[in-house]
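These protein sequence lines map, in sequence, to chains A and B. Residue numbering for the first sequence follows numbering that gives the first Met the number 0, beginning at 0 and increasing consecutively. Residue numbering for the second sequence follows numbering that gives the first Met the number 0, beginning at 0 and increasing consecutively.
Hint data in this document are derived by calculation from the structure and do not stem from the laboratory. For each residue, glycine too, the CB sits at the ideal point set by N, CA and C. Be aware that one or more of the hints could be misleading.
[Stated by the list, open to error] Which stretches of chain B does chain A cover? Using the computed rule of at least three CB atoms under 8 Å from a CB of chain A, they are: (1) 79 to 87; (2) 359 to 369; (3) 375 to 384.
[As the list claims (entries may be wrong)] Per label pair, the in silico range of CB-to-CB distance: (4) A:181 with B:389: 36 to 42 Å; (5) A:75 with B:322: 26 to 32 Å; (6) B:44 with A:99: 26 to 32 Å; (7) B:389 with A:20: 22 to 28 Å; (8) B:149 with A:10: 45 to 51 Å.
[Unchecked claim] Heads up, simulated DMTMM-like pairs for lysine to aspartate or glutamate below, C-alpha to C-alpha not over 25 Å straight-line: (9) B:391 with A:39; (10) B:322 with A:43; (11) A:142 with B:373; (12) B:391 with A:43; (13) B:389 with A:73; (14) A:65 with B:309; (15) B:316 with A:39; (16) B:322 with A:39; (17) B:391 with A:48; (18) A:65 with B:216; (19) A:65 with B:372; (20) A:57 with B:373; (21) B:316 with A:43; (22) A:57 with B:309; (23) B:322 with A:87; (24) B:146 with B:372.
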Amino acid sequence: MNAHTYSIDGHRQDHLIIQSMIKPNTHVLDIGCGDGALLELLRETKNIDGRGIEISQKNVNQSVAKGLSVIQGDADKDLSNYPDNSFDYAILSLTIQATKNPRTVLEQLLRISNHAIVSFPNFGHWPIRWQILAYGRMPVTDKLPEQWYNTPNIHFCTIKDFTTLCKTIDARVEKSIAIQNSGKTLNENTPLFLKNLLGREAIFMLEKK
Amino acid sequence: MDHKQPTSSEVPPSQTVTFGDTGAGANGQTVSHDGLKLECGEILKPFTIAYETYGQLNANKSNAILICHALTGDQYAASTHPVTGKPGWWEIMIGPGKPIDTDKYFIICCNVIGGCMGSTGPASINRETGQAYGLDFPVITIGDMVKAQVYLIDHLGIETLFSVIGGSMGGMQVLEWASRYSDRVFSAIPIATAARHSSQNIAFHEVGRQAVMADPDWLGGRYYEQDKNPRKGLAVARMAAHITYLSDEALHQKFGRNLQEREHISFGFDADFQVESYLRHQGFRFVDRFDANSYLYITRAMDYFDLFSENDGLLAKAFLDTKTRFCVVSFTSDWLFPTRESRQIVHALTANAANVSFVEIETARGHDAFLLDEPEFFSAINGFLTAAAKQKGLS
C-alpha cells in the first residue's frame, strides 16, 4: 500500500525478488495483485498459471483486459473459498498489514498453497523507531506516507513480530529476505536483530511444518 | 405502430437443420435423429434449429464460439433482423476487429428451442395434429435448449467450442454448457446472469405471463388458427419487463418527468410522460417480432433454472474440477441479475480452483448494459478472449 520500492527495468524490486523464488510452470495465486504487474512478469518469465485477487475493481478490469485471470475480492474474506493446496505459491505482497486478521490470512495462505510468500514493510526499521523515539509521533515516511487516521495499514509489525507469528502458527520459514533503504538485500544469515533494524521491507517464504 | 417489414427476399432466411425429420417439407438440412429428450419427460421429434454463422471455421474446427441469446433475442446476433430490418442485437460486439472478432473466430448463434424465429417452438406445426402446438408444446428448460445446441454443434462437426458467451438467459445457457458439457467448452463468458432465477425475477415473469393470458385474443394459446394475436397482453408483458432491464437512474437520466409532445399534463390517461410513450413504443414494437406463447415458454424455462438445487444446494459441485476458463461479468446498476449473483458463481468456481476472472462494470444503464457500448466491458472481453486464444494456440 504505497510502500513500493524502486523499479529496476520497470519492475518493482520486491517483485523481482519474488520472481527469483518461484519455479517455472507452477500455479500461483497473487493476493492483492494491484494492476497485475507481478502476474504479468511471472507469466512472461516463468510461464506460470496465475490467478489474482484484487480489491479495486478498476485494477481488476484492467488486469482482465491484459488477459490475466483476476477476480475482485478481499484477502480477509475470499481466501476461505479456495480448496486446500490448490496453488504452488500464494503471494501476499505488501498487503498483510492492511488486512483485518493477518493471522487468519496467513493460515489461509498456508492452507491453500504449498509455499506462502509474504512481503511487508518492517516497522522495526531504524528510521521508524527514531521517529517515535525522537518526535513521539506515529511514523510517516515516503514509503508509508499516510497519517495514522487515514492509513489503510492497520496491522503493522516488525520482522521479529512476524517471525514470532510464524512460530505460533507452525509455519517453517524457508527464506527471509530484508531489503535495506538503499535497495540492497541483507545477507540471509544476518542476525534477526540486525535485519529488524536495517530492513525497510521483508519478504518471507513459508511452508507448513 | 407502422413498421416497414422487409420482404423475405431482402434478408435471406437463417440456415436450419431439422433433427429426426420423418416427413418431407423441412426447408433446410435434415438429419436422422432420435429426437430431443426433454427434462419434462417428453420427446420432441422432429425438432428444427435455426442458426446464423459469422466468420470462417478453421481447418481443425478449433475456433468456434457459440453465442447464446437472451429471453427475447434470436439468432440474428450480428446480421440484419428479417422482421424489424434492424442491425443484429450484438453487432456492437461481434464483427471484424470487434471483441468477438469474426476475422479470427467462427461464430454460431442459434434460436433457442421454444423460440419463434425458426427453431421449433409453440408456434411450430405439430406433425400429429397438423396445427400449431400452442400449449400442447412441452415445457422446456434451459437444459433442453442447451441439449439442442449440443446436437447442432455435433452436426457442425465441432468437438470443442473455443468459447460459449451469453448475457442474461444466454448466461444461464453458458453456465449449463460449462456445467454439463465442460469438456467441450474451452472458455465461458457468463454475463449479467445467475445460477438460479431469483424469486423477484420469477415474480416479474409471472406478471408478464398473466398479462398475456388475460388478453381475450390469447384464446387459451390457440390464437394462431383464429388469426388473432394477444398483442396487448404481450405488449404489457414487455413494458413491465423492459423496466427491469433499465435502472432508476437510467430512466431518470433519459426521461426525468419530461412530458411527451405537450406543454402541460392532460388530466387523462394518454401518455403524458415521455417514459410512458417510450414503454408503449417498446411494447408494441416487440409484438411484431415475437410470439406470445414463446414468451410464456421461455420465461418459464428461466424460472425453472436452478443450478444450486441440481447440485444438492452446492453450486461448486456444478463445476467440479472444471478445466474451462471463465470470465464472469456483472454491471453495477443491474438489479435484475445483481452482482452478488455473479459473485456466487465466482465463489463456486474458486472453490474448484478454476481459472476465473470476474469483472464488474460501473454503469447506470442497468441489465441492458450488456447490449450497449460499454468500453471497459469490451476491453475485458477482448483481453480475456485474446489470452484464451493464445492458450489454445489460435493466435
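Hints and how they fare:
Residues of the stretch 79 to 87 of chain B with a Cβ under 8 Å from some Cβ of chain A number 0, which does not satisfy the need for three, so the listed coverage is violated. Counting residues of the stretch 359 to 369 of chain B whose CB lies closer than 8 Å to any CB of chain A gives 3, so the stated coverage by that chain holds, three being the minimum. Taking a C-beta to C-beta cut-off of 8 Å, the stretch 375 to 384 of chain B contributes 6 residues in contact with chain A, enough for the three needed, and the coverage statement holds. A C-beta distance of roughly 39 Å is found between residue 181 of chain A and residue 389 of chain B, which places it inside the suggested range of 36 to 42 Å.
Against the hinted window of 26 to 32 Å, the Cβ-Cβ separation of residue 75 of chain A and residue 322 of chain B comes to about 29 Å, which satisfies the hint. Under the hint 26 to 32 Å, the C-beta atoms of residue 44 of chain B and residue 99 of chain A, about 59 Å apart, miss the expected range. Between residue 389 of chain B and residue 20 of chain A the beta carbons are some 26 Å apart, a value that agrees with the proposed interval 22 to 28 Å. Checking the proposed 45 to 51 Å range against residue 149 of chain B and residue 10 of chain A shows it holds: the Cβ atoms sit about 46 Å from each other.
Using a Cα cut-off of 25 Å, the hinted pair residue 391 of chain B and residue 39 of chain A holds, with the two alpha carbons roughly 18 Å apart. Taken as a hint, the residue 322 of chain B and residue 43 of chain A pair is honoured in the structure, with Cα atoms around 22 Å apart against an allowance of 25 Å. Distance hint between residue 142 of chain A and residue 373 of chain B is unfulfilled; the C-alpha atoms sit about 36 Å from each other, more than 25 Å. As the CA atoms of residue 391 of chain B and residue 43 of chain A are separated by approximately 17 Å, the hinted pair is consistent with the 25 Å bound.
The straight-line distance between the Cα atoms of residue 389 of chain B and residue 73 of chain A is roughly 29 Å, outside the 25 Å bound, and the hint therefore fails. Proximity of residue 65 of chain A to residue 309 of chain B is assessed by CA-CA distance (about 35 Å); at most 25 Å being required, the pair is judged violated. Note on residue 316 of chain B and residue 39 of chain A: the hinted pairing is violated, with a Cα-Cα distance of about 31 Å set against a maximum of 25 Å. At most 25 Å may separate the alpha-carbon atoms for a hinted pair to count; residue 322 of chain B and residue 39 of chain A meet this at roughly 21 Å.
Restraint check: the Cα-Cα separation between residue 391 of chain B and residue 48 of chain A comes to about 14 Å, which is no more than 25 Å; the hinted pair holds. Under the criterion of a C-alpha separation no larger than 25 Å, the hint pairing residue 65 of chain A with residue 216 of chain B is inconsistent with the structure, at around 54 Å. Between residue 65 of chain A and residue 372 of chain B, the direct Cα distance comes to roughly 20 Å. Compliance with the 25 Å bound is thereby established for this hinted pair. Distance restraint check for residue 57 of chain A and residue 373 of chain B: the Cα-Cα separation of roughly 14 Å lies within the 25 Å cut-off, and the hinted pair is therefore satisfied.
A hinted pair counts as satisfied when its Cα atoms are at most 25 Å apart, and residue 316 of chain B with residue 43 of chain A does not qualify at roughly 33 Å. For the proposed pair residue 57 of chain A and residue 309 of chain B, the alpha carbon gap of about 35 Å is over 25 Å, so the pair is violated. Between residue 322 of chain B and residue 87 of chain A the CA atoms are separated by roughly 17 Å; this keeps the pair inside 25 Å, and the hint holds. Note on residue 146 of chain B and residue 372 of chain B: the hinted pairing is violated, with a Cα-Cα distance of about 31 Å set against a maximum of 25 Å.
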